[in-house]
Amino acid sequence: MSDYAEFAPDPRVVVGGYIEADPDFAPEPPASVDEETFKGAMRSLAAGVVMVVAQRGERLWGLTISACCSISASPPQVLISLADDASCREAILDTRRFGLSVLRDDQKHLAELGAVPGGPKYVDAFCDDAGSGRRTTMIAGALVHLDCSVARVFEVSDHTILIGNVEAVVSPQR
0 MSDYAEFAPD PRVVVGGYIE ADPDFAPEPP ASVDEETFKG AMRSLAAGVV MVVAQRGERL
60 WGLTISACCS ISASPPQVLI SLADDASCRE AILDTRRFGL SVLRDDQKHL AELGAVPGGP
120 KYVDAFCDDA GSGRRTTMIA GALVHLDCSV ARVFEVSDHT ILIGNVEAVV SPQR
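Under numbering that gives the first Met the number 0, the first residue of the sequence shown is numbered 0, with each subsequent residue one higher.
Heads up, a few of these hints could be off.
Unchecked claim - Cβ-Cβ distance ranges computed for the label pairs, FRET-style:
no.	residue 1	residue 2	range
1	V32	D83	17 to 25 Å
2	P171	K107	12 to 20 Å
3	F153	A46	17 to 25 Å
4	V152	A46	18 to 26 Å
5	D93	D33	30 to 38 Å
6	G118	A72	35 to 43 Å
7	D93	G117	15 to 23 Å
8	D105	R55	36 to 44 Å
In short, the hints are calculated from the structure, not lab data. We put the CB at the ideal spot given by N, CA and C, even for glycine.
Please put together the full structure from these sequences, using the hints given.
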């Protein structure tokens, strides 16, 4: 007979075969930080400036984003985060494709255009046609461009997290 023959776990803490943490010992939720204070703090985080580009109909939509990172080299994947009301979000979800163009320092005007809150941001005039084996259009003169297909979508709070499979990388010659 087992030493645990008398063991009978509380059914409130057993879920799908896993024993969950005792709710009496759950950590306190963190103190809330004012949204503007948080945004101000995050603006000081140095990172490359990336414009996500998506096509909807005949128009190219662009949006400057700061939430972009690599998550895997094998297979090559990236993660981006878009506000639920981001201008190009629906285009990406509809087509399941997006491009990421890393902007140069002399493209600040374009980064600022893509960062203006609200409304569509059409970037047709700033783009190169698709080519070189890529299926998304890149910002002309970008340092590098990643051609991505959507692998996974997660809805988190007021944002959509997208995992993209990188299908092509374009590094323009200078």
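* Structure versus earlier hints, numbers of those that do not hold, lowest first -> 8
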